[in-house]
Each structure stands twice: as C-alpha cells, then as structure tokens.
Amino acid sequence: MTYSRPWRQYFTLVVEALPSARGLLPLVALLVAWQLLQTGNSPYFPPPSDWWNGLMLLAKSGRLYPALSATTITLLLGLAVAVVIGTGIGLLIGVFPRFSRAVGPLLEFLRAIPPPAVVPVAILFMGYDERMKLTVVVLAAIWPILLNTSSAAERVHPLLLDVARSFRLSAVDRMRLIILPSVVPAVLLGIRVALPVAIVVTLLVEILTSIEGIGALMIGAQRNFQSPQVYGLLVLIGLFGLLVNNVFAVFEAILLRRWPPKTQSEMF
Amino acid sequence: MRKNNFIARINWPGTAVFVFVGLAWEAAVGSGLLEYEYLPAPSAIALGFGELAGQGILAPDIAHTLMSVAIGWTVAIVLGISLGFLLGLSPTARRYSLASIEVLRPMPGVAFAPVGLLLFGFSLKTEMVVTILPVLWPVLVNTIGGVTGVHQRLYDVGRTFRLSRKDTILRIILPAAMPPIVVGARISLGLALVLAVVAEMVGNPEGLGYGIVREQQALRPDLMFAYIVTVGFIGIALNAAMLALAEALFPSFRQLRGGQ
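Keeping their order, the protein sequence lines are chains A and B. In this text, residue positions in the first sequence follow the numbering used here: the first is 1, and each later residue adds one. In this text, residue positions in the second sequence follow the numbering used here: the first is 1, and each later residue adds one.
None of these hints come from the bench; they were simulated from the model. Virtual Cβ for every residue (Gly too), placed ideally from N, Cα, C. One thing to keep in mind: the hints can contain errors.
[As the list claims (entries may be wrong)] Just some of the chain B residues that point at chain A, by a computed CB distance under 8 Å:
#	residue
1	V21
2	I57
3	P60
4	I62
[Unchecked claim] Covered stretches of chain A (in silico footprint by chain B; criterion: 3 or more residues with CB under 8 Å from a CB of chain B, positions within the stretch not fixed):
#	stretch
5	22-36
6	116-128
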C-alpha cells in the first residue's frame with residue numbers, strides 16, 4: 001500500500017527528539033569530580049574507573065551475560081503475555097458496557113494493590129522459579145495496558161461505528177477492522193507506562209529471591225561488599241532502562257506511522 | 001433526593017460480582033475445593049487484621065510507612081518544584097541538564113537499594129535513597145512542562161500590567177503551571193507509597209513492606225494478605241485525599257480529571 005520508510009529514518013526521528021547532548025555535562029562533571037576527588041580505596045565511594053573494572057571482573061567470571069539475558073527474557077516474555085491478556089480483557093470491557101460495569105469494582109480493587117506487594121504472594125504460591133518471576137511481571141504490566149485498551153475501545157469514534165453499521169459488518173469484522181485498529185495507539189501507550197514498572201518488579205523479584213538476573217547479581221555484590229560492582233551494575237541497569245525505553249520509542253514510531261498524530265488530550 | 005441519587009450511583013452488578021467472587025473464594029477454600037496450601041479464605045484474612053491489630057503491630061507499621069511516604073514525597077515536591085522552576089525559566093539551564101535528566105529518569109528505584117544498603121545498612125536512610133529519586137521525576141518533569149507551557153499571551157498581560165519579575169512568577173506563571181504540577185504531585189504520591197513498601201521489603205525492616213515479607217517467611221499467608229490489603233486501602237485513601245485537596249484548591253482541576 002503506502003511506501004514505508006526505512007527504520008533508519010524513524011531511528012533518526014527519535015534521536016532528533018532527544019535533548020541536546022550538552023545536557024549531559026552535569027552528569028559527566030559529577031563523575032569526573034568523583035574520579036578526581038576520590039582518595040585511595042574508599043569502601044563506600046569507589047571511583048568510576050573501578051566500576052568498569054568491577055563489571056569486567058563479573059563479565060570474565062561468566063556471570064554477567066547470563067544474568068543480563070535472563071532479565072531481558074523475563075521482561076520481554078512478561079510484556080508479551082501482558083499485552084495479549086491485557087488487550088483481550090480490555091477489549092471485552094470496552095465493547096460490552098454491562099461486562100465493564102460488572103467487573104469494574106473487582107478490577108479497581110485488584111489494581112489498587114501495588115505490584116511489588118504481589119511478589120511475596122507469588123513466592124509463597126509458586127516457589128523460587130522462572131515461572132513465578134514471569135507471573136509477577138505479567139501481573140504488574142497488565143494494568144496500564146488493560147485500562148488504556150478498555151478506555152480506548154469505549155471511546156471509538158461513533159462515526160466509525162456508524163460506518164460499520166452502514167457496511168453491515170459482522171461482529172468479528174467490526175472488531176477486526178474498526179475497533180482493533182482504533183485501540184492500537186492506546187495499547188502502545190499502555191506498554192510505555194508498563195515498561196518501567198515491569199523493570200522495577202523484575203529487579204525486585206531478583207533481589208528478594210536471588211533468582212538469576214541483574215538484580216540478584218547486584219544484591220550479591222552488595223552482600224560481599226563489592227562496592228565497585230554495585231555501582232557498575234547500577235550504571236548498567238540505568239543504561240538498560242534507557243535502551244529499552246528508546247528502542248520502544250522507535251518501535252512505537254514505526255508502528256504508528258499510519259495512524260493520525262496524537263492529539264493533546266490523548267497525551268494526558 | 002440526594003440519598004436517591006446516591007443509591008442510583010451504586011454499581012449494583014459490580015458489587016454483586018465482587019461479593020460473589022469473595023463468597024466463591026470463601027466456599028472453595030472452606031470446602032477444600034481449592035487445594036492451595038497457602039491460600040487463605042477471605043474470612044481468615046479478616047481475622048488476620050484482628051490478630052495484627054490485637055498484637056498492636058499494625059498501627060505502628062502503618063505509621064512508619066506513612067511517615068516515610070510523607071518524608072520522601074515532601075522532599076521530592078520541594079526539590080522538584082524548585083528545580084523545575086529553575087529549569088523551566090532558564091533555557092540555558094535546560095539545555096545543559098535535560099539530557100542528564102533523561103538518562104537518569106528510567107533508572108529503576110529498586111536498583112538503588114543495594115547502593116543504599118552499602119552506604120547506610122538497614123535504615124530509614126536506605127529507604128529514602130530508594131524512594132526520593134523515582135518520586136522526584138514526575139514533579140520535576142511536570143513542573144518544567146507547566147512552566148514552559150505558559151501561554152505567551154499571559155506574559156503579554158504581565159507586561160501590560162508592568163509586573164515585576166517576582167510578580168510575574170508568583171501571579172502569572174505559578175497559577176498557570178499549577179494544574180500539571182498537581183498532576184505530577186499526585187503521581188508522585190502513589191509512587192512514594194509503592195517505593196516505600198519496596199524499600200521496606202529490601203532495605204529497611206520496618207513498616208508494611210517488611211510486614212508482608214515477614215509474614216510470607218513465617219508462612220502466615222492470612223497475615224500477609226492482611227498487610228497487602230492494608231497497603232491497597234492506603235493507596236486508595238491517599239489518592240482520594242490528593243484529589244479532594246486538588247479540587248478544593250483549584251476548582252478548575254476537575255476538568256483535568258475528565259481528560260484522563
């Protein structure tokens with residue numbers, strides 16, 4: 001149909017939206033000052049050059065990459081499951097007002113429980129394994145996706161529904177051709193909100209249970225007073241979060257290229 | 001009239017489903033249909049509340065968590081609004097710091113727990129290390145957005161009235177930027193509760209977060225669920241209080257709420 005621009009262009013689009021690199025100055029200045037003002041071997045504030053060495057030590061011992069991949073896989077799988085279930089239930093709620101009214105209070109109650117509080121429950125029920133980690137991530141990530149989908153499905157423009165009636169579309173076609181395309185931007189917005197929550201919960205599970213992952217590596221380093229490794233991993237996690245968010249922004253821009261641009265009210 | 005209105009506003013089917021799920025859960029656990037070893041019935045959870053309150057540990061735990069929420073939130077609001085005004089009013093300051101903020105912002109709060117533990121051990125300070133930074137961002141970002149988003153025409157009004165710089169800030173920019181700031185503060189309050197609970201689970205053995213983990217390790221799921229429900233209710237109460245406060249202070253805030 002339409003000529004689709006190469007992904008590289010969307011990448012530059014997102015890069016251009018980033019604030020100017022000059023803004024990194026305070027952060028760089030802080031790290032340089034830290035490196036220079038640091039005297040000898042402080043057990044609490046190791047210089048940034050040591051952080052790098054600490055990370056390299058972990059990489060050489062062969063523990064860094066498995067941990068990194070375990071965390072990434074949990075995050076991606078958890079988000080995928082949350083998107084499927086969240087969008088499904090969200091559409092049901094959005095399309096059937098009666099269903100929405102019936103399950104509303106139950107969902108409100110479940111949503112009020114902060115995701116991290118679910119972690120101990122999952123540990124108790126499912127034990128210390130990968131499946132438990134995944135379940136917790138799904139439970140945390142599902143709410144923003146579900147709520148965004150259902151409110152978008154409720155607010156599909158009446159004109160579009162009239163179109164469906166004029167063409168005598170079947171219920172399945174109406175869902176496939178009218179409602180599903182209208183909720184895609186909302187689903188993506190939901191994922192964007194869910195991403196940081198999912199990262200936090202993944203790390204929390206790993207810290208609490210020492211199931212393989214970056215969180216487990218970090219709390220292990222803290223228990224052994226390997227402060228350079230703790231700071232190194234902190235930077236690594238920060239970069240990981242930054243990367244995940246920006247990659248998703250590119251992905252979102254590519255997916256949404258055929259949708260009308262966001263209006264101000266949707267941004268809220 | 002008002003009473004009728006209230007009865008009509010209750011979501012009867014929703015309440016029915018809610019009660020039905022509760023009863024079905026109770027019946028399933030009571031009759032042994034659900035064979036989960038650690039799934040307490042709703043009645044057991046309710047009794048758990050009684051037990052916790054009777055031992056006199058629930059109230060101090062709530063007080064501790066609320067206190068850390070209050071400290072973390074207050075620090076975040078004061079820092080966030082003042083820094084936000086500084087960055088919002090000065091394009092130069094913005095140019096030389098926005099990228100740093102964007103790099104630090106996706107940093108997950110829990111990741112600071114091991115650093116806090118390293119520096120301060122199991123203490124309230126560790127809890128604050130985990131809480132303050134993530135709670136700061138919504139206030140800071142919304143303040144910057146609010147201040148930079150003030151309509152040019154409002155500045156023109158200020159110039160027409162020959163307002164001083166101080167008066168422009170206090171009487172033009174502050175009121176105009178208030179709605180997004182309040183939204184940021186509200187998001188922060190919810191975050192502060194979640195992060196305080198997280199910090200108590202990992203870094204400070206006190207409060208509701210520690211209660212959840214302690215009862216999980218003690219294999220007392222009824223008490224654990226009682227703690228979790230408590231956290232949920234506190235979240236609802238804090239959010240409602242914040243909304244009420246915002247609506248009392250700024251009647252126009254009601255329109256913003258519709259936009260969500």
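Going through the hints against the structure:
1. Because the closest C-beta pair between V21 of chain B and chain A is about 6 Å apart, less than 8 Å, the hint holds.
2. Interface hint status for I57 of chain B: violated, as the beta-carbon distance to the closest one in chain A is roughly 17 Å, over 8 Å.
3. Hint on P60 of chain B is violated. Least Cβ distance to chain A is approximately 19 Å, over the 8 Å limit.
4. Taken as an interface hint, I62 of chain B does not check out: its beta carbon lies about 14 Å from the nearest beta carbon of chain A, beyond 8 Å.
5. Closer than 8 Å: that is the beta-carbon criterion, and the stretch 22-36 of chain A has 6 residues meeting it against chain B, so the requirement of 3 holds.
6. Counting residues of the stretch 116-128 of chain A whose beta carbon lies closer than 8 Å to any beta carbon of chain B gives 9, which reaches the threshold of three, so the coverage claim holds.
The structure shown violates the earlier hints numbered 2, 3 and 4.
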